[in-house]
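Enquirer: For the protein sequence lines, the chains are A and B, in the order given.
Everything in the first sequence is counted per the working numbering, starting at 1 for the first residue and increasing by one.
Everything in the second sequence is counted per the working numbering, starting at 297 for the first residue and increasing by one.
Careful: at least some of the hints might be erroneous.
[Claimed, not checked] Residues on chain A that point at chain B, a partial pick, calculated with CB under 7 Å:
{"hint": "1", "residue": "R24"}
{"hint": "2", "residue": "P26"}
{"hint": "3", "residue": "K29"}
{"hint": "4", "residue": "I30"}
{"hint": "5", "residue": "R34"}
{"hint": "6", "residue": "A293"}
The hints are simulated quantities; they were obtained by calculation from the structure and are not laboratory data.
All C-beta atoms, glycine included, are put in the ideal place defined by N, C-alpha and C.
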Amino acid sequence: MTMNELEAPRASRLPAGTLTPAARTPTVKIRPSRGLFHLDLQSVWLYRELLVFLVWRDTKVRYKQAVIGAGWAVFQPLISMLLFTLLFSYLAKLPSDGMPYPLFAYAGLLPWNFIAQATSRSGTSLVGESHLISKVYFPRLIIPLAAASAPAVDLLCALMMMIPLMLWFGVTPGWQILFFPIFLVIALLAALAVSLWFSALHVKFRDVGHIIPFFVQFWMFASPVVYPVSLIPERWRTLYSLNPAVGVVEGFRWSLLGQRAPSLETILPSVGIVLILFVSGVVYFKRMERTFADVI
Amino acid sequence: MADIAISARHVSKEYVIAGINHDTLRDRIAYTCRSLLGRQTERGVVPRAFQALNDVSFDVMEGEVLGVIGHNGAGKSTLLKILSRITEPTGGEVDLYGRVTSLLEVGTGFHAELTGRENVYLNAAMLGMRKVDIDKRFDAIVEFSGTQQFIDTPVKRYSSGMYVRLAFSVAAHLDPEILIVDEVLSVGDGAFQKKCLGKMDEVRRDGRTVILVSHDLPVVASLCQRAILLRQGQVVGDGQPQQIIEQYMSEAFTDSGISLADRTDRYTKGELMVQAIAFLDEKLNPVQPVVSGQHLVIRVHYQCHVRKVFKDMRVMIVVNRDERAACIFSTDLVSRTPLDLEGSGYVDFHVPHLPLCGGRYFLHAAIENNTLTQDWVQYAAELQVLDGDYYGTGRMYPHDGWRGKGMFVDHSWRFERTS
């Protein structure tokens with residue numbers, strides 16, 4: 001088919017001169033943006049296909065020319081699990097709320113690896129894609145969104161490994177598994193909440209690129225990945241639960257392993273913080289977005 | 297009457313220069329602390345505002361092809377970035393009626409590890425195309441680029457020519473109602489360039505609205521119906537492309553208003569420079585404008601700024617018209633005598649019968665040897681030429697259509713009847 005055949009119906013749809021300029025609404029309005037809450041989120045929806053393409057690109061490029069390819073998504077948490085079991089269970093004798101420690105660790109590593117990956121990739125994503133930002137328009141939110149979503153593919157691969165592990169340890173999931181998708185979304189929100197702030201700051205302050213690795217390392221030990229929340233003294237627990245990752249990790253364990261339900265005092269502050277950080281992150285991002293192309 | 301496709305009203309863009317660097321948090325914290333203490337920064341960094349665009353207004357009608365020209369720093373790129381929504385204006389508003397695609401480069405977002413096919417999808421999605429539309433056009437894109445055989449090979453194994461062809465091909469098949477293009481036309485080899493220009497022409501004939509930002513004046517002249525000229529962020533000319541190009545070129549150096557010796561927009565080693573250029577008649581009296589066919593002397597003054605003999609140099613003048621070289625005068629072309637320059641002085645080029653026809657010419661000047669350019673100034677001088685009786689027959693060009701084109705060439709003819 002030639003180009004002209006394709007164009008013909010399109011050209012006839014809007015015959016020139018049928019509408020006066022005053023009666024037409026512009027397809028694109030360019031204005032200096034004002035106000036904090038002009039978020040224009042529907043444009044992100046319009047570009048959803050690009051989001052999918054970018055996630056797919058990140059995943060594809062990541063595992064290209066790797067012999068075991070996406071197998072790495074399973075191996076990494078598996079090796080961490082073995083290491084943690086050796087270190088923290090056999091040597092340090094950390095409790096695991098009555099669960100077999102390897103299973104306990106793996107169920108914690110699933111969300112944690114996702115959050116860590118998503119944060120470090122998404123936090124530096126804008127600067128990494130600076131050539132796009134200065135050359136082509138699309139809603140900038142797509143970039144950190146795609147970078148934070150791509151590790152979800154790894155998460156799903158790693159999740160598959162959960163099945164043989166649970167069979168091995170003879171643990172069957174209960175009705176709680178129905179809540180799993182909700183915690184998956186909260187995990188994504190938690191990663192985005194942090195990385196929207198990071199990525200927007202990173203455009204202006206390159207220090208952020210150096211801070212993120214430390215931050216992620218510190219964050220892991222501040223989250224109940226290798227130890228259970230019950231280890232934290234009661235009176236510190238609310239403060240501890242202000243960590244956005246706490247609710248996610250606890251939620252994953254509960255919905256997958258059906259261990260005792262996490263107390264609302266740990267889940268609620270954590271999820272609340274996630275929502276606050278996420279909304280403020282979007283607002284801040286949209287505010288900084290105006291000058292990304294000038295500053296980057 | 298056609299509808300308005302683009303309407304720009306009082307568009308301004310201001311950059312804060314000092315604050316725009318990649319500050320470090322440390323700098324920022326230190327700065328904040330100091331200003332809290334009411335102390336000025338030692339380095340005296342005061343944010344300065346720079347007005348890249350200042351109250352720019354214009355309309356583009358549906359189906360119109362508008363060229364935007366101007367010197368570097370005149371605000372062309374800023375305007376382009378605002379129209380493409382890459383950056384926001386700080387004032388004013390723009391309305392675009394129709395699907396817009398802007399091309400600031402070809403192959404934006406191409407990833408070396410991905411195959412040609414994958415990159416086509418990714419690139420087209422970035423430029424705002426839906427997957428179903430890409431599916432429909434995929435074959436046409438690949439065929440236009442001529443990379444059928446390699447479409448499933450990672451583009452890192454492509455030759456640079458193939459890469460650019462595939463990238464341009466995606467851009468060429470976007471099918472927008474409004475197309476905003478930066479100088480992306482100058483890609484690929486000659487044959488492919490021709491194909492691209494053909495595609496541009498097709499876009500124009502289809503009645504699309506196009507904004508073309510370019511240095512390539514002949515392309516602007518041939519493709520655009522209208523042109524605007526930007527200077528220091530303002531529209532200073534709007535009209536017929538040819539007329540605007542003339543204005544642009546005359547500004548090329550009346551604008552500078554400084555003597556050739558003081559010009560800094562030159563490529564120079566600083567040791568040996570062109571000081572001035574003068575036009576003289578055969579009695580060595582200054583003359584301007586000159587007339588076709590007259591005896592013209594172009595005097596090029598030079599000055600050495602170091603005590604040194606510059607051996608075996610050549611002094612060269614390139615005469616340009618409409619951004620294209622019309623002819624070249626060079627000391628080493630007409631004589632094998634080595635030219636050694638020291639101190640200061642001048643070189644006279646004698647042109648016994650000036651072969652240039654009426655019009656406005658611009659001269660670039662160079663002093664160089666075979667290995668090193670000492671000084672190279674573009675738009676070093678302007679030469680006004682009036683149509684004259686070059687052949688001494690009392691006749692000029694026979695038709696108006698020929699006036700101002702080509703050059704006079706000495707020739708003769710002989711008639712012989714063979715049957």
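Enquirer: Which numbered conditions among the earlier hints are violated in the structure presented, ordered from lowest to highest?
Expert: Checked against the structure, the only hint that fails is number 5, while the rest are satisfied.
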